[in-house]
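Visitor: Residue-level listing of the chains:
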Amino acid sequence: MNKTISQRNNVNIIGNGNQTILFAHGFGCDQNMWRFVTPSFIDDYRIVLFDYVGCGQSDINQYNPARYSNLNGYAQDIINICDELDLNDVIFVGHSVSSMIGSLVSIKFPDLFSAMVFIGPSACYINDTQYFGGFGKKELLELLDVMDNNYLGWANFLAPIIMKNEDKPELVKELEESFCATDPIITRQFAETTFFSDNRKDLSRIKIPVLILQCSDDAIAPDAVGEYIAQQIQDSSYVKLDATGHCPHMSHPEETILAITNFLNKQYQTV
Amino acid sequence: MNFTFEEYNDGYTIYAGGIQINQRNKFEKALLESKKIAQKAVEENVELIAIRNTLLETQHQLELQLRKLSRKESFQRELSKVLSHDLQEPLRKINLFSSRLLENEDLNHETDLGRGLLKISRFVEQVRHLLEKLEQYNGLEGKALEHVPVNIEEAVLKAKMDCGLSSEKVNIVFENHLEPDKKFLSDNRLVLILFRELLVHAFSYHKNDDYTSKIKISVDTITENVFTELKDAYKYEECLRIVFEDNSNQKYIPSTSIFDLFWKLDAEDTELRFGLAYCKRIVQLLDGNITTATNKKQSLKFIITLPFK
Numbered sequence: 026m027n028k029t030i031s032q033r034n035n036v037n038i039i040g041n042g043n044q045t046i047l048f049a050h051g052f053g054c055d056q057n058m059w060r061f062v063t064p065s066f067i068d069d070y071r072i073v074l075f076d077y078v079g080c081g082q083s084d085i086n087q088y089n090p091a092r093y094s095n096l097n098g099y100a101q102d103i104i105n106i107c108d109e110l111d112l113n114d115v116i117f118v119g120h121s122v123s124s125m126i127g128s129l130v131s132i133k134f135p136d137l138f139s140a141m142v143f144i145g146p147s148a149c150y151i152n153d154t155q156y157f158g159g160f161g162k163k164e165l166l167e168l169l170d171v172m173d174n175n176y177l178g179w180a181n182f183l184a185p186i187i188m189k190n191e192d193k194p195e196l197v198k199e200l201e202e203s204f205c206a207t208d209p210i211i212t213r214q215f216a217e218t219t220f221f222s223d224n225r226k227d228l229s230r231i232k233i234p235v236l237i238l239q240c241s242d243d244a245i246a247p248d249a250v251g252e253y254i255a256q257q258i259q260d261s262s263y264v265k266l267d268a269t270g271h272c273p274h275m276s277h278p279e280e281t282i283l284a285i286t287n288f289l290n291k292q293y294q295t296v
Numbered sequence: 028m029n030f031t032f033e034e035y036n037d038g039y040t041i042y043a044g045g046i047q048i049n050q051r052n053k054f055e056k057a058l059l060e061s062k063k064i065a066q067k068a069v070e071e072n073v074e075l076i077a078i079r080n081t082l083l084e085t086q087h088q089l090e091l092q093l094r095k096l097s098r099k100e101s102f103q104r105e106l107s108k109v110l111s112h113d114l115q116e117p118l119r120k121i122n123l124f125s126s127r128l129l130e131n132e133d134l135n136h137e138t139d140l141g142r143g144l145l146k147i148s149r150f151v152e153q154v155r156h157l158l159e160k161l162e163q164y165n166g167l168e169g170k171a172l173e174h175v176p177v178n179i180e181e182a183v184l185k186a187k188m189d190c191g192l193s194s195e196k197v198n199i200v201f202e203n204h205l206e207p208d209k210k211f212l213s214d215n216r217l218v219l220i221l222f223r224e225l226l227v228h229a230f231s232y233h234k235n236d237d238y239t240s241k242i243k244i245s246v247d248t249i250t251e252n253v254f255t256e257l258k259d260a261y262k263y264e265e266c267l268r269i270v271f272e273d274n275s276n277q278k279y280i281p282s283t284s285i286f287d288l289f290w291k292l293d294a295e296d297t298e299l300r301f302g303l304a305y306c307k308r309i310v311q312l313l314d315g316n317i318t319t320a321t322n323k324k325q326s327l328k329f330i331i332t333l334p335f336k
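Order-wise, the sequence lines are chains A and B. Read in order, the letters of the first sequence are residues 26 to 296 in the numbering used here. Read in order, the letters of the second sequence are residues 28 to 336 in the numbering used here.
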C-alpha cells in the first residue's frame, strides 16, 4: 500500500487555531526539537510538525539520494505536505538550513506562506571574496572526510560546537544522539547538500515578511551572515538574540518565543 | 612468533615459527590490500552485470517505444488527411449547394426554408472553423522546432499586435527578473502562438466592449526536477518561469480540466474553445509545463516553466 505524504514525513498536527504554523527542523535534527516552543503557540495556532525524509521518524525507505542531493528535494517535502493538508497562508518557521529550504518553497509558490521566521539561517556557508560565510571550502571538505571515516567522532565533535551552552549538557547529548540515531550515509549527504548550497541570489526574490533570529556566538551562522540575509530580503526584520549557540529554540526557548510572538503580533495585528 | 603445542604420552613438543615484526606487518598489509582489490573487483563486476542487464532492458523498452511512436505517426498522418480534406470537402459541398438554393428566386431569407438554409450555412462555417483549428492543433505534433534566442517581452508585444488588441482593450504590465546575460533558447513561432492564445483567452470572455483586460506577465527562473514522467528520477535544472496573471476578475475555478479540449467556462458557455488546450500542447512540445493557480486577489495565474534550451 502506498504511504501518504503525512506518513512518509511523520506529520503531526496539534493546536487549536485557524492559522497554521509549519515548523521545519534543521540538519541532523527532527521535529522533537521544537517541543520547548510549540506549547506557547498551541492555543492560537494550528501547528504542523514533520521530519524530512531521512530524518527522525520519517519513512527512510522513501529516501532518494538524487532527490535529496539538492535543497529543492527537501523543499518538495514541504510542498507535498502543504498540498496534502491543503494548507495556505502558512507561517513558516525554519531552523538553520530549513530557512533556505523555506525560501525555495516561497519563491516557487509565493502565495503558500504569508510570513517566515528564520532561526540561525545561512544563505551560504563558504566564504567568498565579498562574503563571510564562516567556513573555508577546505574546512568543510575535511568535515565531510571526518564524517566518512569516524562518524561517531564527528557527532561527538560537532554537537557541542553547534549547541554551545556548556551549562546544559543534556542538550548537547540530545543533539549528539540525534546525529548518531540517523543514517550516517543520509546525514553525510544532507551535510554536503547543506554546506555546499549557495542561496544568496534567492534572498532578494522573497516577497513576504521574514523575521531573522540571529544568535550570539553562533559557530555555524555568524552575525555577518544574519545581517547579510536581512539586507538582501526586502521585507525583513532582524533580531539579535542574547541566546548563544545555533539552537536557541532548545537552549533559550523563552527568548525565541518572545521574538516570534512579537513578530507575528506585528504582522497580524493581534494582541 | 606462532607456537604450536603437541602433547604425547611421554612428553610434548613445541613448534615455533617466527618472522621479523616489520616483515609480518608488510605481509599483512599486502594481504589486506589484495583482499581489498579483489573485493572491489567483485563489486565492480556485479555492478557491471547489473548495468548490462539494465541496458538490455532499456533497449527492449526503447524498441517498444519506437514501435508505438511509429504507429502514432502513421495515425497522425491519416488524421491530418481526414481533417484537412476528407471532412472539409463534404462541408464545402453542403455550403455550396445551400448557397445555390438560396440564390434561387423562389427562396428568400424570410421563408422557413430560407432561414433553415441560412442556419445550415452558419453551422457549416462553425464546423469548418473547428476543423481548421483541430488541424492546427493536430499539426503541432509534427512540427520541427527551431531553437533561437527568444525575447519574451518582444513576443508578448508582437502577440498583442497580432491579436489586434489596443492598449485601451488590454493593459499589459511586463516584469523581467532575468539576469541580463541569461539567454532563453526556444522556438520563437510557438512562443508567439502561446502568448497569442493566452491573450485571446483572457480577452474572449468580456462581453462588454468598454472593458480593459489587466494582464501582468513576469519572467524569472526556478529550479525544477527535469524528470516529470520517470518515477524516482531527479535532476535539478534552472528553468524559465513565466507567470501570466489575468486580473480580470473572472469566475475561474483553477483545475487541470481548464486545459481540456472544448473546456467550457460554465454551462451557459456555448463556444467550443481550443485556446488553452492549444497552449498546453505548445508548452509540452517545448518540453515545459503549464499549471494554474489563484491568489488572494482572485486573479487567475498561468504558470509556465520552460527549459532554457
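No lab work stands behind these hints, which were simulated from the structure alone. None of the values given here were measured: they were computed from a predicted structure. Where is the CB? At the ideal position from N, CA and C, for every residue including glycine. Among these hints, one or two may not hold up.
Example chain B residues on the side facing chain A (calculated, C-beta under 10 Å, incomplete) [said to hold, decoys possible]:
no., residue
1, 150
2, 173
3, 174
4, 201
5, 206
6, 208
7, 249
8, 250
9, 252
10, 256
11, 260
12, 268
13, 270
14, 320
15, 321
16, 328
Visitor: Report holds or violated for the interface hint on residue 206 (chain B), using the least CB-CB distance to chain A and a cut-off of 10 Å.
Guide: holds (9 Å)
Visitor: Hint check: is the beta carbon of residue 328 (chain B) less than 10 Å from a beta carbon of chain A?
Guide: holds (9 Å)
Visitor: Given residue 270 (chain B) as an interface hint, is the shortest Cβ-Cβ distance to chain A below 10 Å?
Guide: holds (9 Å)
Visitor: For the restraint on residue 320 (chain B), tell me whether the closest CB of chain A is nearer than 10 Å.
Guide: Holds, about 7 Å.
Visitor: Against chain A, with CB atoms and a cut of 10 Å, does the hint on residue 208 (chain B) hold up?
Guide: violated (13 Å)
Visitor: Would the hint on residue 174 (chain B) be counted as holding, given a Cβ-Cβ threshold of 10 Å to chain A?
Guide: Violated: closest Cβ of chain A sits about 25 Å from residue 174 (chain B), beyond 10 Å.
Visitor: Is the interface hint for residue 173 (chain B) satisfied, with its Cβ closer than 10 Å to some Cβ of chain A?
Guide: violated (30 Å)
Visitor: Min Cβ distance, residue 250 (chain B) to chain A: is it shorter than 10 Å?
Guide: Residue 250 (chain B) check passes; min Cβ-Cβ to chain A is 5 Å, inside 10 Å.
Visitor: Should the interface hint for residue 321 (chain B) be scored as holding, given a Cβ-Cβ cut-off of 10 Å against chain A?
Guide: holds (8 Å)
Visitor: Residue 201 (chain B) was flagged as interface toward chain A. Is the shortest Cβ-Cβ separation under 10 Å?
Guide: violated (17 Å)
Visitor: Against chain A, run the beta carbon of residue 260 (chain B) and see if the smallest gap drops under 10 Å.
Guide: holds (7 Å)
Visitor: Do the numbers back the hint for residue 268 (chain B), that is, is its least Cβ distance to chain A under 10 Å?
Guide: holds (9 Å)
Hint check: violations occur at hints 1, 2, 3, 4, 6, 10; the rest are consistent with the structure.
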